[in-house]
Structures are given as C-alpha cells and as structure tokens.
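Here the working numbering is used: position 112 in the sequence shown is 112, and no number is missing along the way.
Warning: the hint list may mix true and false statements.
[Said to hold, decoys possible] Across the chosen pairs, the derived CB separations fall in these ranges: (1) Gly397 - Thr547: 28 to 38 Å; (2) Gly66 - Asp471: 38 to 48 Å; (3) Phe334 - Tyr514: 46 to 56 Å.
None of these hints come from the bench; they were simulated from the model.
The beta-carbon is built from N, C-alpha and C at its ideal position, and this holds for glycine as well.
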Amino acid sequence: MLASRFLRNGSKYVAKSQFRSASKKVEDSKSFVMNLFRGRTVTEHVFPYPLNLDADRRETLNLILGPTQQFLEGVNDPFKNDEKAEIPMEQLKKFAELGAFGAVVPEEYEGAGLVNAQMARLAEIVGGNDLGLGVVMGAHQSIGYKGILLFGTPEQKKKYLPDVATARKFAAFCLTEPSSGSDANSIKTKAVKSDDGKHYILNGGKIWISNGGFADVFTVFAQTPVKQADGSVKDKVSAFIVERGFGGVTNSPPEKKMGIKGSNTAEVHFDNTKIPVENLLGQEGEGFKVAMNILNNGRFGIPAAMTGCMRWCIQKTVDHVNSRVQFGKTIKEFGNVQEKLVDMVQRVYATESVVYMLASNMDRGVSDYQLEAAIGKVMSSENAWHVCDDAIQLYGGMGFMRETGLERVLRDIRIFRIFEGANDVMRLFVALTGIQHAGKHLQQTAKEIKKGGIGTLFGELKRRTVGGDLDFSSSVHSSLQNEAKGLSTSISLFGKTVEQLLLKHKRGIIDRQYELIRLADAAIDIYSNMAVLSRASYVLNQDKDATHDLKIAQLYSQNASRRIQKNLKEASSSYVGVDDNLFIKRVARCFTPISYGLFIIIEPPSCFVGFCPPIDPPKTALTTIVVVAIKL
C-alpha cells in the first residue's frame, strides 16, 4: 500500500532543520498557504481562478474521456472486482489501450502527454466508477514511475517510460517497511555497492505495496553508505529503479483488505538483487528528497478521485430522495434530508475547487504547492467519507445492502485518510511547515528592527494596524464581498494566532500537537474557502445568473468561517482556559443523549468537566439540489 508513514518523519525533520537554519537568508514564497501563516494574503496563485485549458487540450481530453467512460460503464465491473478481490489482467490491458496508464507521460515516450488538469479529470471519472481501479492507476503512474519522470536521466526515461506508459510493464512504489514508521532512518532495506563498483546489492523487504504482486518495475528506497564531507561514512536513503528481472525479487500473496479489494497489495522482498549503478534515481543519499517530490507531485490525484466518488454518491442519493415516499411525501421534501444534501453538495464543490486550482497551478509551473497539495488530500478524503456516510443514511436500510453499492464505496474510501500521508500526519506537516516559514520571517524582522531598521518597524506596524496586504476584495465578485471580508478577518486572526503560539512555545511548538492540529484545520478551511470564492467569482464573472455557484459559495464560506473561529480560539486559549499541562495528558470526550458536547479532561488526581455547544446548523437550505460541475 502507498507509503504514508515516511511523511511523519518528514514534517519533524523539516521542522528541526529549519529551526536550526533560521540564521540563513529567509526566502519569500508565493504559496498562499505558506504566507497565510504570516497573516498575509498572497493571491498570485488563487486569483483569478487558474483554470486555463485551451481548445486543443479540451478536445484531446474529450477524445480520451469518451472511450474511458464507455470502458468503465461497459467493461469494468467494480462489484465483481470487489467480490473476486482482483481486476483481471486482460481488463487492465484494455484500459491501458485507452492511454490511461501513461496519461502524463510525454508523447515522445508513447504517453498521452496530458497536463495535470486533464489528468485530474481522468482521475475524477475513474474515482466515480471504481476506486480499486483508481488505486492501480495511481500506484502505477502517480507514484510508481513518477520518480523516473521527475528525476530520471535521459537514458532512464528512454529505457523505461515507453513500457510503463503503455502498461507493457507495470510499476510500483516501494517505501514502507514493518519498522519504518515515523523515523525514515529506521528503514532496514539496504543497498551496498559490489566490489567491482558496477552494481548495488539490494536486500530487504517492503510491505503494503500497491501493484506489488504483478509490477515489473519498482521505485525502491534503501539505505546506502554515503561518504560525508569530513570523510566519515553514514547510511542515507537512496532511490533506485529495480526490475523484477534483476533476480531475487519475490512477493507475497495479495493482502486481504477492508476495501479497494480489486487493487493488488502485497509484500515485496529483495534477496541479493543486483541493481546496475546507472539505475540510481537521483543522487546517492537523496532518497528522502525523491520520495517527497514524488508524493507531492502526485497528491492531487486523490482529491480528484474523491471528487468523482462524491459525485457518484450524490447522484445516487438525489435519485433516491426524488423517488422514495414516506408519510405521503417524497423524502426530498423533509428539512433534514435537504440539510444533508446541501452539506454533501458544498463539500464536493469545495473539494473540486481545490483540485483544479492545484492542478492548474502545477501546469503553470508553480513549484511551491506542497501545503496546498497536502490540504487537498486531507479535506477530500474526509469530505468523501462524510458524503458517502450521509448517502447511506439517506438510503436507510437499503444503503446498508451490497447491491446499492454504497457500502463498497465506504469501505474503499476509508484507506484514503491513511495512505499517501495519514491525515493526522498531513495536518502536522501543514502546521509545522507553515510555522517554520512564519518563525524565520519573525526572527528576521526582529533582527532588522534591533539593528535600527526603522523602515522595517513602521512597515510592520502599518501592516498590523491598517491590514497591509490582506485586502483581496477587488478580485472577488461583488455578490461575495461579505464572504471576502470575513475571510480577510480570519486570515489576520490566523497570523496573529501563529505569532502568539511561536512567542509562547518557541521551539517547543514542534511538540504542541493539540494546537498544531487546530491551526492546520483552520488553514484547510481558509484555503478551501479562498478556492471556493475564486471559483465562484470566475463563474459569476462569466455568467451573472450562476445562482447555484453563488449560494453554494456563500454557504460554504459562512460555515468555514465559523469553523476557523472555533479552531483558532481553541488553539490560542488552550481550550476553555484549561491549563496546557492538564490537557495535554489525556482528553476523553463523552457524548450523552442529554448533554451533547460534554467532555472530560483527566490528569490524576485532577478532573475538569466542561461543555462545548455544537455549531449551529445553517438556518436555510436549498430546496433544489444542483451539483455544479467544473467546466473544462
């Protein structure tokens, strides 16, 4: 299965190393989320909404999507794939004939040459049909051979890309091991150069490898002895291109999983596997960099697939509530049903807005998007879970039955909150990386003021009192000005909260997970809110009658603002005034029929009981549910 745990080490490693290097020149960033942690609004990558497919690319996309849709509806059987726990190889080969396994590979290497926004649309329709098939596709091209695309030499690309782009050979990404959880240095797989210096000898094993049972080409991460500047030798992670044909490569039987059963997940073992030295991927000792870039680059595929999955769930639900009659009415007429449907629609709208903003920015050459990609992964996987769960609830007993298909989808969705960066880890990654950026700038500002930089002092005072660069209202449609104002206030409060936490905890902030998680949740809501306002403004500027976009954007923005305020209050006040040390030990929440929101915080011999009222639900609901699709 895709390796998420590696990123846990990533966030902490980056945190410590960047705090150590605070004395170095601070680099500016164009990333919206990165600057958010400084309380600043840098809108270059969010306004105007960056969807920019020209007519030729739209035509190319349609030429691929049509046959792909026909394959998914007429050939692929997600129920059978789930029941048999495999997708037949002949079926995968037929899918490959459509170009799906080489979508982003340049045409010179027999790929389809799609850009990321086109690839997102392809992943979306696959995700709306069969997430198991989507995992096979993603494990193959989003991470399996992505390292060759990003770091491969011309010779490596020429040798491997044509075969993997056409699925003459399948690829897999091999990182996770039984012992390599949070600490990447605990990887046991090792590659040592042979005496003649022509090969690396690889030994070790990997677990939960998607496509591991049938892949021919593997991107493998292993410890290698690397000579340091002082002459000493230290083990560091390196990346390699490994062929099954090199010998010594075996795999276990497929794992028995909760969901995505059609995908193949297996252990992969290497026993004295001889890797030619020219198959080193990137530089020796830079495997961590290779892995992070692969995962960041392909991460938009998950929110794209989740978008398609949510659309499928919503469509099934809308069909059901329009036909199901209870108490003499179709159930769509009941307020509770309408509220759930509205929530489902705003979730998919926000997710889709983030997906295509991210993919289109990547196509424009934006390189600083790691936090935006992590946010997309977290919010999409959690939104999809909520949407599918509500779909089952609205179906009632029928939703629990296998023939409806929703129970399969719910099982499939569950893994996406775990792999390619477990959501808990991704939240810490977002918060820590953003805080490091803010902390270094704070240190630089303080040093300049201390040296007598009066201009720096007055500039900072002006920004804090007047608002500085927080005003982005001119980029937002006139109908959404109230929402823009509220978001601007949230961004200012976010920056102040980050600064307060840094001043209070200093380097100890690395271990303040309670506060970090809430900062990350606020950042997720702020970025997704900005994406929604940008997209809705883009649509409204083209069509003043796009009232559904307007209503969805207003509702999402209002709900997001409430969540932001709540999370920032909890992060800055250590929650209802309870002492930090009390609360960090153990938190137990109890929900009773009488007192919803009751919580108990325990640290023997003390005990604190408090009450947290739920956020008020929207007072109004749309009576007509329209799922607004993004136009490519």
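Verification of the hints:
1. Gly397 - Thr547: 28 to 38 Å: About 36 Å separates the Cβ atoms of glycine 397 and threonine 547, which means 28 to 38 Å holds.
2. Gly66 - Asp471: 38 to 48 Å: 45 Å, holds
3. Phe334 - Tyr514: 46 to 56 Å: 38 Å, violated
Checked against the numbered hints listed earlier, the structure breaks hint 3 alone; every other hint is satisfied.
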